[in-house]
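> Residue numbers (the working numbering), protein chains in the order written: chain A, 1 to 239; chain B, 240 to 613.
Honestly, the hints are just simulated from the structure, not real lab data.
Warning: the hint list may mix true and false statements.
Stated by the list, open to error - Covered by chain B, according to a simulated footprint, are these stretches of chain A (three or more residues, beta-carbon under 8 Å):
1) 12-23
2) 99-107
3) 169-179
Said to hold, decoys possible - In silico negatives: residues of chain B with every beta carbon more than 12 Å from chain A:
4) A279
5) L476
6) P488
To be verified - Just some of the chain A residues that point at chain B, by a computed CB distance under 8 Å:
7) S50
8) L70
9) P72
10) G153
11) Q228
Ideal Cβ positions, reconstructed from N, Cα and C, are used throughout, including at glycine.
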Amino acid sequence: MTLLELKDVHTYYGNIHALKGISLSVEKGEIVTLIGSNGAGKSTTLRTISGLLTPRHGEILLDGQRIDHLPPHEIVARGVLQSPEGRRIFPRLTVRENLEMGAYQRRDADGVRRDMERVFALFPRLRERINQRGGTLSGGEQQMLAIGRALMGRPRVLLLDEPSMGLAPVLVEQIFDIIQEINQQGTTILLVEQNARLALSIAHRGYVLETGRITLSGEGKRLLDDPQVKAAYLGESGH
Amino acid sequence: MTLAGVFGPLGQVFIFVLGSAIVLSAITVLAAFLLRGTRANVDLVQATLTILPQVIVDGLVRGFLFATIALGYTMVYGVLEFINFAHGEIFMVGAFSGAALGAALAASGILKAMPPLLFVLIAVAVGMIVSGSLAMTIERIAYRPLRNAPRLVPLISAIGVSLLLQDGMRLIANVTGLGFNARFPTPNFGPPIQLAQIPAADGRTIPLILDVRALIFIVAATLMLIGLNYLVNATKLGTAIRAVAQDRPTASLMGINVNQIIALTFLIGGALGGAAGVLFGIRVGTVNPYIGFLPGLKAFTAAVLGGIGNIPGAMVGGIVLGFLEAFVASYLSLLTGGALSGASYADIVAFAILILILIFRPSGLLGEAVAQKV
Numbered sequence: 001m002t003l004l005e006l007k008d009v010h011t012y013y014g015n016i017h018a019l020k021g022i023s024l025s026v027e028k029g030e031i032v033t034l035i036g037s038n039g040a041g042k043s044t045t046l047r048t049i050s051g052l053l054t055p056r057h058g059e060i061l062l063d064g065q066r067i068d069h070l071p072p073h074e075i076v077a078r079g080v081l082q083s084p085e086g087r088r089i090f091p092r093l094t095v096r097e098n099l100e101m102g103a104y105q106r107r108d109a110d111g112v113r114r115d116m117e118r119v120f121a122l123f124p125r126l127r128e129r130i131n132q133r134g135g136t137l138s139g140g141e142q143q144m145l146a147i148g149r150a151l152m153g154r155p156r157v158l159l160l161d162e163p164s165m166g167l168a169p170v171l172v173e174q175i176f177d178i179i180q181e182i183n184q185q186g187t188t189i190l191l192v193e194q195n196a197r198l199a200l201s202i203a204h205r206g207y208v209l210e211t212g213r214i215t216l217s218g219e220g221k222r223l224l225d226d227p228q229v230k231a232a233y234l235g236e237s238g239h
Numbered sequence: 240m241t242l243a244g245v246f247g248p249l250g251q252v253f254i255f256v257l258g259s260a261i262v263l264s265a266i267t268v269l270a271a272f273l274l275r276g277t278r279a280n281v282d283l284v285q286a287t288l289t290i291l292p293q294v295i296v297d298g299l300v301r302g303f304l305f306a307t308i309a310l311g312y313t314m315v316y317g318v319l320e321f322i323n324f325a326h327g328e329i330f331m332v333g334a335f336s337g338a339a340l341g342a343a344l345a346a347s348g349i350l351k352a353m354p355p356l357l358f359v360l361i362a363v364a365v366g367m368i369v370s371g372s373l374a375m376t377i378e379r380i381a382y383r384p385l386r387n388a389p390r391l392v393p394l395i396s397a398i399g400v401s402l403l404l405q406d407g408m409r410l411i412a413n414v415t416g417l418g419f420n421a422r423f424p425t426p427n428f429g430p431p432i433q434l435a436q437i438p439a440a441d442g443r444t445i446p447l448i449l450d451v452r453a454l455i456f457i458v459a460a461t462l463m464l465i466g467l468n469y470l471v472n473a474t475k476l477g478t479a480i481r482a483v484a485q486d487r488p489t490a491s492l493m494g495i496n497v498n499q500i501i502a503l504t505f506l507i508g509g510a511l512g513g514a515a516g517v518l519f520g521i522r523v524g525t526v527n528p529y530i531g532f533l534p535g536l537k538a539f540t541a542a543v544l545g546g547i548g549n550i551p552g553a554m555v556g557g558i559v560l561g562f563l564e565a566f567v568a569s570y571l572s573l574l575t576g577g578a579l580s581g582a583s584y585a586d587i588v589a590f591a592i593l594i595l596i597l598i599f600r601p602s603g604l605l606g607e608a609v610a611q612k613v
């Protein structure tokens, strides 16, 4: 069943045509990844889905219902949550307060408490830092907090923007294991990554984005073997 | 852990209030001691100590006035990085709404029979509702459409709103018969409270008195500061306000309706300003359409002094400025033998000291190197 679908989406920054007709779909239960180089439009795609940018043409559908042109908080209300690029932790809120903000719209206090326990089970480090200000956490801890914060909103679709950015390789592997675990617990994930190899290895399907257009798509494993992808994104000379 | 850390933000405020009172008193007494020989037949030290308690009370009242207004500037700055220069006029409209209520109650004859505290409660509530909704309306009409415009544009809009409110209120006051200098009718608050008898030099005693209305002002302002502190630091709504102040786009990604939170910030700041206006009107007895200008400017200065965008900072800045003014107004003429009149030089000296503080601590008393926001 298609949960999230983009149909010919065009987004502009002023006069700059950033997305030139993106079409993609995410099925319920999948991890779908969007790979591409810097400036290809990966983050722009996620910002458009979340409503921070409004597409000039095209449609974005959640469960067949249009969500483009809705303000961001109403898109969150429909179950689309994002862990943004650069993590964007609230620096002067505590870890607990950051997590509470992820659950801002929820009124079920018991459910929120249970979900916070779930986040602590996934990221035990956050429990140790619970009363510390977000700005004092290390980069890895901030990434855990950013993902945990988005989980607190009980997402139907979780948008992850560059969770590997600026982290040591050991940490990156840990984070990606947890992303898989979150997916196995039933959350659908759209993952944007520059680390194409890692992203494609955990994704069911992938899309390759180049200067605002999708140039390739297919199963994650198949894209890993694609000579074009190998040459451009995996640092191999396609022999 | 610092003392301030133990007591939380309000403890920090309390420490600064106490500290500035002690420091200013010490400086004044020292100055009196050094100048003691300059005046024949006046014991300067004795005279200074005699009026000291009264000066501190006066400083507290001025300080709480600036603090409650300063909160409106600082909260709006915290979420929008914008100085709402119409905030002084929101204070003035609050004062007028209280005066109108007093006049209406007086005309129907119930004012005299009313318990003073009940009147204060109702008048403050009316002032808060009127000024809070006015501030919210102004944001919706005059600021929100300009939110993505260059920074000077909403500033000009704010100055326009400010002039509009001044002269609009002048028109309303004339049309409704309140008058340019509108009386602020209140029930009789009774005689001032005598706190103590202070012995003076010639064997007489001077009573230390506290005006009931001043006491009401101090108590009401303290309650509002405690309430605001609780709202901002201990509720989910307050956390959302702080989240919006720190990172607006990310707050919206959390599902926070950013426009609603900004409107709420104007509502809270406006309501505090309105309450301050009513309490000011009750204490002074008359209001006019231009009373918002100078307190507004001083409260803005107080907000900057404390660290703009910082809530405890606005409280501290307001009270420190109040003390500065009170000390200068009361002691300057005494210590200079009447050469400089304290009342006329209060603003000059207070602002000069302020400039000095800002030169050495540009982020304000409580501001961090990177200005700490709400």
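> Taking the hints in turn, state whether each one holds.
Each hint tested on the structure:
| no. | hint | verdict |
| --- | --- | --- |
| 1 | 12-23 | violated (count 0) |
| 2 | 99-107 | holds (count 5) |
| 3 | 169-179 | violated (count 0) |
| 4 | A279 | 58 Å, holds |
| 5 | L476 | 10 Å, violated |
| 6 | P488 | 6 Å, violated |
| 7 | S50 | 6 Å, holds |
| 8 | L70 | 11 Å, violated |
| 9 | P72 | 4 Å, holds |
| 10 | G153 | 6 Å, holds |
| 11 | Q228 | 33 Å, violated |
When each numbered hint is compared with the structure, violations occur for hints 1, 3, 5, 6, 8 and 11.
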